[in-house]
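Listed here are the chains, written in short residue letters.
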Amino acid sequence: MERKVILSIDGVTKVFGGLTAVNDLSLQIHKAEIVALIGPNGSGKSTTLNIISGLYSPEKGRIVFEDTDIQGLPPYRIVDSGLRRTFQNIRLFKDLSIIKNVMIGAHPCGKANVLNSVFKTKRIREEEEKIETIAYDCLKFVGLDVDPKVKAGSLAYGQCRLLEIARALASSPRLLMLDETAAGLNPSEKQNMINIINRIRDKGISILFVEHDMSMVMKVADRIAVLNFGSKIAEGTKKEIQNDPLVLTAYLGDHYVKTE
Amino acid sequence: MKKKKTIILLIFLAMLAVLPKLITSNYIMQIIDLSLVNFIVVMGLNFVTGFAGQISLASTAFWGIGAYTSAILTTTCGFSFWAALPVSGIVAMLGGILIGYPTLKLKKFYLGIATIGFGEIVSLIFLNWTTLTKGSEGIPGLSKPSIGAFKFTSNYNFYYVILIIALILLIASVLIKYSRFGRTLLAIRNDEIATETCGINAHSSKMIAFSLSALYAGIAGSLYAHLIGFISPDLFVFRQSISFLCMFMIGGSGYIAGPAIGSFLITLLPEVIKFLQNYYMAIFGILVVILAIAMPTGIVGLMEKHLPRLYRYIEPYAEVPEKGLERGNEKWRGK
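Residue numbers (numbering that gives the first Met the number 0), protein chains in the order written: chain A, 0 to 259; chain B, 0 to 334.
A few of these clues could be false.
[As the list claims (entries may be wrong)] For lysine-lysine, the following DSS-like pairs were computed, each having C-alpha atoms within a straight-line distance of at most 30 angstroms: (1) A:Lys93 to B:Lys106; (2) A:Lys150 to B:Lys20; (3) B:Lys20 to A:Lys148; (4) A:Lys202 to A:Lys129; (5) B:Lys133 to A:Lys150; (6) A:Lys93 to B:Lys20; (7) A:Lys121 to A:Lys139; (8) A:Lys129 to B:Lys106; (9) B:Lys107 to B:Lys133.
[Said to hold, decoys possible] Derived coverage of chain B by chain A (criterion: at least 3 residues anywhere in the stretch with Cβ under 8 angstroms from a Cβ of chain A; other residues may be distant): (10) 24-36; (11) 183-194; (12) 199-213.
Simulated from the structure, these hints should not be mistaken for lab results. Just so it is clear, the structure is predicted and the values come from calculations on it, not from any experiment. Ideal Cβ placement from N, Cα and C applies to all residues, glycine included.
Bound-form chain B, shown alone (with noise of 0.2 angstroms):
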């Protein structure tokens, strides 16, 4: 079972890494790299909404303040790409560190609706501070990687760049997961108070998980911005922050390759059905509420549910049981 799981794991990672060479559109290689963007933020998500069971709707806002970061300091401060990175990261998570604390002591939607306004003010600064992100007018021309003399000019190129980030930060989710902090995290989820009496502290478990998404969004925000070369503020609007959720809910909340599954699905399903020219949107929407109520769970969570075969093979720590509950009933009753 494990040599067939590593085979497997061997085969994606092979596909992943020939995909690009099957892609004869540029158009379609940025598309492709724009839904790992969004793979790395919903993944982001996750922690906060996934595992502990919090209402985000300010991951744009992150994704936002790691763009601006980014292109601010490589264009005003002349920092190279692979220093803006990090940087933008660690700013979005410190803004993350600063709205949670606050934030996270509300409970479901007060906490959905707090994040909103957040939203709303940074978008409103991307806005107006203009001395800094130069307004409505946008920053252009921001530049693409390079490492030496080789740069990451092309979709094609920058996709291994978007690739490998992503991947190391999927084995972090996956490694927080299954980690005594994930596990309090899903503790929380189900029930804070019963978390709390078990001697957790449930706040700070959740500004961690908190930051930690503002980060991901931080880390995506910079690459969306390299990768496109220019950002404006009508980009980081609440409209993307319910893409964003979509991706989410449809992937399957709290598992591992939800995310990977909805942001891919959500951000290729618009070319799929170009063909259909000017009514295209309206299908979009169509098809994305019949998927939201024939898959309460997600696509993971009904595979789960109806194929776990498969289903261990893409959440291969998760826990199956070997026998029924019926084992030795009768014995505690005798005793």
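Looking at chain A on its own, in the form it has when it is part of the complex (with noise of 0.2 angstroms):
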């Protein structure tokens, strides 16, 4: 049974000066699904995720995110639309506590405009209460159990990892895109994780991950897409794209692989 396409991009090209970043990228992520986009440094994958959410306008192609054109639209039009990500150098509000930070997360969910949230009417409160609840939740989700008043600028590396993704879940995206959000974890911090990503896609939310760790992306990914000079080499289930000969002449230079 072929599963719903939820994110669509088709002949994306971005150009740095005289540099193809990405260059007529084409991919679809279904419902539920975990892809993961590998390929050497500087092969364009965080550009990817960058065009993908608003912060760079591609020269040409389009992006369809269930069924609406997000190609142009500002960063936060693009959130409204189902879609988030956290980014491989942590961005959090460092001088905000934990659970500020994921309430912020949540800020689209309410309907508060600056006059009634100054003033907080009965319905902003009751708003705010809900905002919260949700905010608690998703930091429960990550299994971050700190003293949610604490500075997030305090919070070690790891942590920091973990209050980005709460945050990332709390508007309950469709989209979920991480970017290398394994770098800098211990073993252990990896295979929990791990099996954060995994409970993600159980919510039923597809996740686009950027990552270097290949054991991780065995372990996690249902399908790869790896990127060389900012084209797309290669696609497919974990056994083909382990055994493409334009995989590991990417990574491994074709000195190392067999012509035969």
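Two chains, two frames, a set of hints: combine them into the complex.
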């Protein structure tokens, strides 16, 4: 049975100066699917995520998320449509408490404007309580069990990663993009991250993740897409990718690949 | 704890109420009135620079727009002070929206430079649009406000007018900081891109913060004009924006009490060290530099770090962690 396509990227090209960072990339992600985007350094993985989340606008191509064309929308509108991301270099609100960080992630769920949020009407107070509950649930979901009133800036590295995921989950997205979310984690934290990613998928959320750690990719990904110099050189299941000569060349150089 | 806070607040308000009775010199009273006016401007600056983290050097321009609007309305259009006050705030706010919309797309220092440019333009307009502003002659003889037969003519009476307006604006600023909108602004200060990817329109939030700061400055401008009774273009120059920024940084950026402490300290400090005669401006400069080096986060920032108990009184809604980071760490590792 074919699953519903949730995100469809069609012929996306992004050029920086004379460098083609992403070249005619097409990719589809289905509902509740985990897709890994891999490739050597500088192959355009993070650029791809930045294009999808609206931080860069591509020169060519179309991005369709759940039947709406999101290409060219500002980042905050893309989130509204149910797409969230985390960053390779963690971007938290360091001066704010942990719970406030996650609550900001849930802001799009509420309908407060400046005036009624300042004067705290009854509806807003109820909404705030709802947002706070959502935030606590998200913290629980990722297993970040520390005092929620501590400032996010004082968290350890691995905890920052979890907090960023909690913040991204707070607006209950349908697609979550993780940018090297396991980088710098120790083995037990990595295993924890794998569990979290699987549990997110079990909630019916699709995941597109960029990762360098192959063991992790092989453990969680349903499907893998490989980029090299901005172009997709392979796409398929773990088995297919592991035996793809183009992929092996890109990673190891043709020196090591049997020509047979 | 809550009861204690209320009592302290009431004592503080009572102290503010009786303050004019303790001051014997009319001149010092005027300085105190001026520091309240400065307090309002710096509170406004706190929205855009303190909460939202955007460098703005246009506060003097809005302060001037407020002062001139009020002066022109009361002298040539026959407005009363009470009518001119909100109008000058709103005119300054409109100016804020006009200039904020294009410039707030700029980041950091570029925004600072654009706002300096705006300030220069405004001060040139004050100087050269002589039919409206009377140019370098300035506008003298601005009336004092009155309620019925009672006129707030002296610096002692006027103090209460400024105080009440400042307190109302202070309450508004507390409400704003601890609302969802305030939280959004703090998020923008921390990381604008992350805020955008949380589904928040950062540009429009910055716009609102900027126009709020213009509103505060405009109201303060109107109060200033009627307190002194005379305004001229040489007041509204770039140097004044640096003064406001100085008060703001020394008080503590992003804190509710920061603007109050900073504006009073910097406005009153020259009076305290005036006995140094010719050297006082030099000493004043050195003291400000020392304050800035010793307390990069401002006086309130230093308090938060070293005097957390006192800090909790002046920032009553600040979140205080009850437990350390260690709670239940092993629990999620074991999962």
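These are the hints, each one checked on the structure:
Between Lys93 of chain A and Lys106 of chain B the alpha-carbon distance is near 19 angstroms, which keeps this suggested pair within the 30 angstroms criterion. This hinted pair does not check out: Lys150 of chain A and Lys20 of chain B have alpha carbons roughly 44 angstroms apart, beyond 30 angstroms. Distance restraint check for Lys20 of chain B and Lys148 of chain A: the Cα-Cα separation of roughly 43 angstroms exceeds the 30 angstroms cut-off, and the hinted pair is therefore not satisfied. The suggested pairing of Lys202 of chain A with Lys129 of chain A holds, with an alpha-carbon distance near 20 angstroms, which does not exceed 30 angstroms.
For the proposed pair Lys133 of chain B and Lys150 of chain A, the alpha carbon gap of about 53 angstroms is over 30 angstroms, so the pair is violated. Restraint check for Lys93 of chain A and Lys20 of chain B: not satisfied, since their Cα atoms lie roughly 45 angstroms apart, outside the 30 angstroms limit. Restraint check: the Cα-Cα separation between Lys121 of chain A and Lys139 of chain A comes to about 27 angstroms, which is no more than 30 angstroms; the hinted pair holds. Between Lys129 of chain A and Lys106 of chain B the alpha-carbon distance is near 34 angstroms, which puts this suggested pair outside the 30 angstroms criterion.
A distance of roughly 36 angstroms separates the Cα atoms of Lys107 of chain B and Lys133 of chain B; the hinted pair therefore is violated under the 30 angstroms criterion. Look at the region 24-36 of chain B against chain A: 0 of its residues bring a Cβ nearer than 8 angstroms to a Cβ of that chain, fewer than three, so the hint is violated. Residues of the region 183-194 of chain B lying with their CB closer than 8 angstroms to a CB of chain A number 9, which satisfies the three-residue condition for coverage. Counting residues of the region 199-213 of chain B whose beta-carbon sits less than 8 angstroms from any beta-carbon of chain A gives 4, enough to reach three: the coverage restraint holds.
The structure is inconsistent with the numbered hints 2, 3, 5, 6, 8, 9, 10, although it conforms to all the rest.
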